[in-house]
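Asker: For reference, the chains in residue letters:
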Amino acid sequence: MGKKLLLEHLNVPGIQTLQVYREKGGYKSVEKALNQMTPEAIVEEVKKSGLRGRGGAGFPTGMKWSFLAKPEGKARYLVCNADESEPGTFKDRFLMEKIPHALIEGMITSSVALGANTAYIYVRGEYFYIIKILEKAIAEAYAAGWLGQNILGTGYNLDMYVQAGAGAYICGEETALLESLEGKRGNPRMKPPFPAIAGLYACPTVVNNVETIAAVVPIINMGGDEYAKIGVGKSTGTKLISAGGNINKPGVYEIDLGITVEEFLYSDEYCGGIANGKKLKACIPGGSSVPIVPGHLLLNTLAGEKRLMTYESLSDGGFVSGSMLGSGGFFVYDEDASIPYSLYTLARFYHHESCGQCSPCREGTGWLERILKRMVIDGQGKLSDIDLLAEVAKKIEGNTICPLGDAAAWPVAAAIRHFRHEFEWYVNNPHEVAKIKNGKLNAPIPHPLYEMV
Amino acid sequence: MSSINPTPAFSADTLEVVHSLIKRYPEGKHKSALLPILHLAQAEFGGWLSAPTMDYVATILNIQAIEVYEVASFYSMYNLKPVGKCLIELCHTAPCWLRGAEDIAGHLEKKLNIQFGETTPDGMFTLKRVECLGSCGTAPMFQCGAVFYEDLTNEKVDTILTDLRTANVQSSYVDSDTFRRN
Ligand SMILES: Cc1cc2nc3c(=O)[nH]c(=O)nc-3n(C[C@H](O)[C@H](O)[C@H](O)COP(=O)(O)O)c2cc1C
Ligand code: FES
Chain A
1 MGKKLLLEHL NVPGIQTLQV YREKGGYKSV EKALNQMTPE AIVEEVKKSG LRGRGGAGFP
61 TGMKWSFLAK PEGKARYLVC NADESEPGTF KDRFLMEKIP HALIEGMITS SVALGANTAY
121 IYVRGEYFYI IKILEKAIAE AYAAGWLGQN ILGTGYNLDM YVQAGAGAYI CGEETALLES
181 LEGKRGNPRM KPPFPAIAGL YACPTVVNNV ETIAAVVPII NMGGDEYAKI GVGKSTGTKL
241 ISAGGNINKP GVYEIDLGIT VEEFLYSDEY CGGIANGKKL KACIPGGSSV PIVPGHLLLN
301 TLAGEKRLMT YESLSDGGFV SGSMLGSGGF FVYDEDASIP YSLYTLARFY HHESCGQCSP
361 CREGTGWLER ILKRMVIDGQ GKLSDIDLLA EVAKKIEGNT ICPLGDAAAW PVAAAIRHFR
421 HEFEWYVNNP HEVAKIKNGK LNAPIPHPLY EMV
Chain B
1 MSSINPTPAF SADTLEVVHS LIKRYPEGKH KSALLPILHL AQAEFGGWLS APTMDYVATI
61 LNIQAIEVYE VASFYSMYNL KPVGKCLIEL CHTAPCWLRG AEDIAGHLEK KLNIQFGETT
121 PDGMFTLKRV ECLGSCGTAP MFQCGAVFYE DLTNEKVDTI LTDLRTANVQ SSYVDSDTFR
181 RN
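These protein sequence lines map, in sequence, to chains A and B. Our numbering applies: residue 1 is where the first sequence begins, and numbers increase by one. Our numbering applies: residue 1 is where the second sequence begins, and numbers increase by one.
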């Protein structure tokens with residue numbers, strides 16, 4: 001069993017409260033940061049840890065922090081991205097619900113490092129019950145002197161607030177999040193300037209994911225070098241994986257980066273294998289924006305090496321035969337799940353969530369949804385539609401202000417590359433389509449051919 | 001469907017919360033409070049945002065009404081039309097679909113005898129399809145107000161609908177305590 005850094009005390013009764021959290025060693029990183037370290041030294045430890053952003057892009061956190069501009073007389077902000085809306089991802093919710101002080105503590109220690117005196121946690125509006133939990137935890141932290149004026153008598157001041165979103169996936173994109181936090185529509189901004197130079201209220205701002213910020217706590221407590229010993233290569237530390245789809249044990253698991261995908265999927269400690277005795281068909285291992293991979297390429301790379309749960313190994317083979325670790329939203333397709341139908345739900349998602357600023361994304365996602373709908377719901381697909389889908393996706397990719405367009409395009413190319421025969425099956429069997437409107441290719445519909453494991 | 005007050009005004013209790021929300025942002029950046037205040041307004045004024053409600057919010061923040069409209073129309077949690085007492089928001093994105101969301105969708109439509117996007121004639125239930133709610137591990141699921149109903153089966157849905165009907169309260173995401181720190 002791997003080391004648990006974030007979820008170690010998950011099952012301790014009362015760990016939601018400051019008192020129990022503190023009894024279990026909570027808030028030590030704040031003491032260490034404020035009493036024994038300079039802000040620069042904290043940033044240095046995070047750099048040494050090799051921690052990479054857990055929100056999806058995997059950008060090295062220490063490096064991001066070192067880019068933060070520090071002009072005289074301008075406020076600096078830390079903003080936590082708790083928008084968590086990438087389909088398949090539910091780890092941040094889990095962490096905030098179960099151990100809210102892990103995030104609050106990480107926010108304080110990180111704010112010290114960045115010299116921020118105000119920090120916001122932007123939580124997606126659908127998570128209002130989590131907002132209540134966080135408000136309570138923040139109130140406890142204020143009452144105990146971990147927040148507010150002159151923390152630990154060091155002269156350091158920090159205010160922390162929760163901000164509620166209102167239902168928009170795009171607000172997970174950091175500049176859209178900042179717009180939303182300013183009380184506007186969530187339209188992503190052109191970069192540069194990057195938030196590190198001009199972010200919230202045009203002030204230098206760091207935006208980090210919930211899990212990234214929580215990981216700062218063990219890094220400061222154990223030291224960056226020690227943290228970096230966990231994992232493989234540039235994938236250091238532990239990672240929360242949201243496991244879902246057709247598996248026996250859906251849930252949030254903290255893994256050491258570097259275990260094999262096979263162990264993660266089949267061992268009883270984690271997913272416990274495919275549900276209902278079915279076979280593995282495919283998996284989206286890093287949230288809906290990363291390419292789908294067929295089962296055999298999930299477990300092994302094209303070269304036949306065992307695939308690991310790391311940033312590098314999951315992307316081995318690029319978009320041709322690999323995928324990405326992304327946000328760690330790992331969802332599994334059994335033999336009955338129709339890949340074209342799945343793609344339809346994702347196209348519908350991206351169309352619904354496109355902010356509408358850039359026409360390739362606004363219009364292109366609509367076309368993807370409509371073409372797929374006529375194929376998998378109406379049974380009126382044409383063979384030429386398959387290439388049309390790929391073509392529309394290509395025209396979105398790279399032509400938009402923010403990466404939502406790419407995120408909408410990538411799943412299309414991968415689904416068609418690996419499962420073209422399923423799309424052809426829909427086109428060639430229009431009279432069967434009505435029978436499988438829920439997207440489950442159960443008998444008596446003959447299965448298209450694919451390699452299953 | 002509750003009738004709307006033509007000239008809405010927050011209760012004293014909510015107004016206090018509104019003013020504390022505005023203080024969370026730097027001087028002059030009070031517009032940042034718009035999203036949470038719209039949530040409070042929707043909860044207090046019948047489960048949706050009418051034009052008079054949005055105009056009222058604009059006066060509170062001293063911003064143009066159009067600034068409120070453009071925000072209210074962007075985010076999916078703001079209802080710009082009246083909804084039933086219980087707004088059932090079923091997630092239908094791929095991870096939920098894999099675990100049977102469409103079966104639940106069919107059951108809900110049959111049970112309530114309405115389609116998604118419609119409200120029952122008695123004004124009790126509105127069915128809405130929504131995108132991933134961060135509950136994929138406990139799918140299929142729907143949200144009603146701030147409550148997540150997870151690991152749904154047809155039987156569970158029946159019980160939930162009966163309970164909601166019995167409770168007979170306007171579903172809402174927030175109450176004035178949500179943002180209070182005590
Ligand atoms: C369309 C889109 C949606 C995103 N959604 C999220 C999200 O829900 N949570 C998150 O942490 N990052 C999300 N991101 C990534 C953020 O833009 C940003 O990279 C991240 O918050 C940085 O934090 P990290 O370095 O700690 O990962 C999203 C990006 C895009 C383009
Ligand atoms: S897909 Fe339904 S909650 Fe994530």
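Keep in mind that the hints were calculated from the coordinates and are not lab data. Please note that a few of the clues may not be correct.
Unchecked claim - Straight-line alpha carbon distances no greater than 25 angstroms define the calculated BS3-like cross-link-like pairs of lysine-lysine that follow:
| id | chain 1 | residue 1 | chain 2 | residue 2 |
| --- | --- | --- | --- | --- |
| 1 | A | Lys-132 | A | Lys-98 |
| 2 | B | Lys-81 | B | Lys-110 |
| 3 | A | Lys-28 | A | Lys-47 |
| 4 | A | Lys-132 | B | Lys-23 |
| 5 | B | Lys-156 | A | Lys-184 |
| 6 | A | Lys-136 | A | Lys-229 |
| 7 | A | Lys-136 | B | Lys-156 |
| 8 | A | Lys-435 | B | Lys-110 |
| 9 | A | Lys-98 | A | Lys-136 |
| 10 | B | Lys-29 | A | Lys-184 |
| 11 | A | Lys-278 | A | Lys-70 |
| 12 | A | Lys-394 | A | Lys-373 |
| 13 | B | Lys-110 | A | Lys-437 |
| 14 | B | Lys-23 | A | Lys-184 |
| 15 | A | Lys-440 | B | Lys-128 |
| 16 | A | Lys-74 | B | Lys-23 |
| 17 | B | Lys-156 | A | Lys-437 |
| 18 | A | Lys-440 | A | Lys-382 |
| 19 | A | Lys-132 | B | Lys-111 |
| 20 | B | Lys-31 | A | Lys-191 |
| 21 | A | Lys-32 | A | Lys-229 |
| 22 | A | Lys-98 | A | Lys-4 |
| 23 | A | Lys-3 | A | Lys-306 |
| 24 | A | Lys-306 | A | Lys-279 |
| 25 | A | Lys-435 | B | Lys-23 |
| 26 | A | Lys-70 | B | Lys-29 |
| 27 | A | Lys-4 | A | Lys-28 |
| 28 | A | Lys-28 | A | Lys-229 |
| 29 | B | Lys-111 | A | Lys-74 |
| 30 | B | Lys-111 | A | Lys-440 |
| 31 | A | Lys-435 | A | Lys-278 |
| 32 | A | Lys-132 | B | Lys-29 |
| 33 | A | Lys-184 | B | Lys-31 |
Asker: All hints are to be evaluated individually against the structure, with a verdict given for each.
Answerer: Outcome of the hint check:
1. A/Lys-132 x A/Lys-98: It holds: about 13 angstroms lies between the C-alpha atoms, which stays within 25 angstroms.
2. B/Lys-81 x B/Lys-110: Within the cut-off at roughly 24 angstroms; holds.
3. A/Lys-28 x A/Lys-47: Roughly 20 angstroms between the alpha carbons, so the hint for A/Lys-28 and A/Lys-47 holds.
4. A/Lys-132 x B/Lys-23: holds, 18 angstroms
5. B/Lys-156 x A/Lys-184: violated, 39 angstroms
6. A/Lys-136 x A/Lys-229: It is violated: about 35 angstroms lies between the C-alpha atoms, which goes past 25 angstroms.
7. A/Lys-136 x B/Lys-156: violated, 31 angstroms
8. A/Lys-435 x B/Lys-110: holds, 18 angstroms
9. A/Lys-98 x A/Lys-136: Measuring from Cα to Cα gives roughly 13 angstroms; hence the hint holds.
10. B/Lys-29 x A/Lys-184: holds, 12 angstroms
11. A/Lys-278 x A/Lys-70: violated, 56 angstroms
12. A/Lys-394 x A/Lys-373: With Cα atoms ~19 angstroms apart, A/Lys-394 and A/Lys-373 stay inside 25 angstroms; holds.
13. B/Lys-110 x A/Lys-437: Roughly 16 angstroms separates the two Cα atoms, so the pair holds.
14. B/Lys-23 x A/Lys-184: With Cα atoms ~18 angstroms apart, B/Lys-23 and A/Lys-184 stay inside 25 angstroms; holds.
15. A/Lys-440 x B/Lys-128: holds, 22 angstroms
16. A/Lys-74 x B/Lys-23: holds, 19 angstroms
17. B/Lys-156 x A/Lys-437: Judged against 25 angstroms, a Cα distance of about 23 angstroms means the pair holds.
18. A/Lys-440 x A/Lys-382: holds, 21 angstroms
19. A/Lys-132 x B/Lys-111: violated, 33 angstroms
20. B/Lys-31 x A/Lys-191: holds, 23 angstroms
21. A/Lys-32 x A/Lys-229: holds, 21 angstroms
22. A/Lys-98 x A/Lys-4: Distance of about 14 angstroms is within 25 angstroms: holds.
23. A/Lys-3 x A/Lys-306: Holds: A/Lys-3 and A/Lys-306 sit about 22 angstroms apart, inside 25 angstroms.
24. A/Lys-306 x A/Lys-279: holds, 19 angstroms
25. A/Lys-435 x B/Lys-23: violated, 57 angstroms
26. A/Lys-70 x B/Lys-29: holds, 21 angstroms
27. A/Lys-4 x A/Lys-28: Roughly 17 angstroms between the alpha carbons, so the hint for A/Lys-4 and A/Lys-28 holds.
28. A/Lys-28 x A/Lys-229: The given pair, whose Cα atoms are some 21 angstroms apart, holds under the 25 angstroms limit.
29. B/Lys-111 x A/Lys-74: violated, 58 angstroms
30. B/Lys-111 x A/Lys-440: Status holds; Cα separation ~22 angstroms.
31. A/Lys-435 x A/Lys-278: holds, 21 angstroms
32. A/Lys-132 x B/Lys-29: holds, 24 angstroms
33. A/Lys-184 x B/Lys-31: Holds - the C-alpha atoms of B/Lys-31 and A/Lys-184 are around 8 angstroms apart, at most 25 angstroms.
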